[in-house]
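Starting from the given sequences, assemble the full structure and let the hints guide the process.
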Amino acid sequence: MSLLAFFFIVVSLLTFVAAQLILKRAMEFSATNGMRNSHFTLLVAVGVALMTISFFLTLGLLQRFDLSYLYPFQGLSVIFITMLAAVLLKEKLSVRLTIGALLITAGIVLVSMS
Amino acid sequence: MQNRPSGFGNPWLQLGLSVACVFVSELLLKRGATDVAEPDSALSWTGVNGLASPLVWWAILLIIASFVSWLYVLRCIPLSLAYPLSRVVDILVPMGCWIFLGELISAVRWCGIALVVIGLALVAKPIAKMEERL
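Just so you know, the sequences run in chain order F and G.
39 is the number that the working numbering gives to position 39 of the first sequence; each next residue is one higher, with no gaps.
To convert, take the position in the second sequence, counting from 1, and add 114; that gives the working numbering.
A hint or two may mislead.
Unchecked claim - Quick list of simulated restraints, FRET-style, between CB atoms: (1) F:Phe7 / G:Val222: 18 to 28 Å; (2) F:Arg25 / G:Pro192: 35 to 45 Å; (3) G:Ala228 / F:Glu28: 31 to 41 Å; (4) F:Lys90 / G:Ser194: 17 to 27 Å; (5) F:Phe7 / G:Val182: 31 to 41 Å.
It should be emphasised that the hints constitute simulated quantities derived from the structure, not laboratory data.
A virtual CB, placed ideally from N, CA and C, is assigned to each residue, including glycine.
In structure tokens, the structure reads:
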């Protein structure tokens, strides 16, 4: 796999994870402040824009690689969420989470070699 | 979970529908992207040319449907239960690639897929809890 392809895989996953978290924040904000305000609209617009970027990058990747090759890379989203939680929430890694993340990483390395 | 709606409004049925929509949309996206693939064009990295395939549009509709039913599921089932169950799609997609798309999956790739699936099964619950807090 080329470096360019790996770059696009990572960007498509990062934008997907960021979009999910931003849309969730928007829905939480709307529960207390309603939907008719600029902050809510901005959050939804950014979330949808990021999701759209992720979708098109995936479509570009699917033109070049097998789905069975690309799909396991979605496991990387777990690694991103874990890192985000560690930075934003100061969460500590449980043994279960560490073993799971290592298995996912090993699996992705194997798939990328195939 | 009390006063749970029955029939089409049953959240477990909606969870199944959401997973099925994701599964079928992934296969349609792959088929559609392959139909209109232009790997030599740098612009095709953006994926925009994929919109020329009707299969991609069907996939978009299914993604929207899965999103709507997933939102409904989350109203009735906690994320820390719904998310691990939804990961069944990680098994369905590689099987679908093999059965419906005829992709030749090598032993090394099967092993890699298996490790990712086991890893995801292990972390699904803690990740769902983290996402709830994020």
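Structure-based check of each hint:
1. F:Phe7 / G:Val222: 18 to 28 Å: Once the Cβ atoms are compared, 23 Å apart, the range 18 to 28 Å for Val222 of chain G and Phe7 of chain F holds.
2. F:Arg25 / G:Pro192: 35 to 45 Å: violated (19 Å)
3. G:Ala228 / F:Glu28: 31 to 41 Å: Because 36 Å falls inside the window, the suggested range holds.
4. F:Lys90 / G:Ser194: 17 to 27 Å: holds (20 Å)
5. F:Phe7 / G:Val182: 31 to 41 Å: Hint holds: Cβ distance 32 Å, inside 31 to 41 Å.
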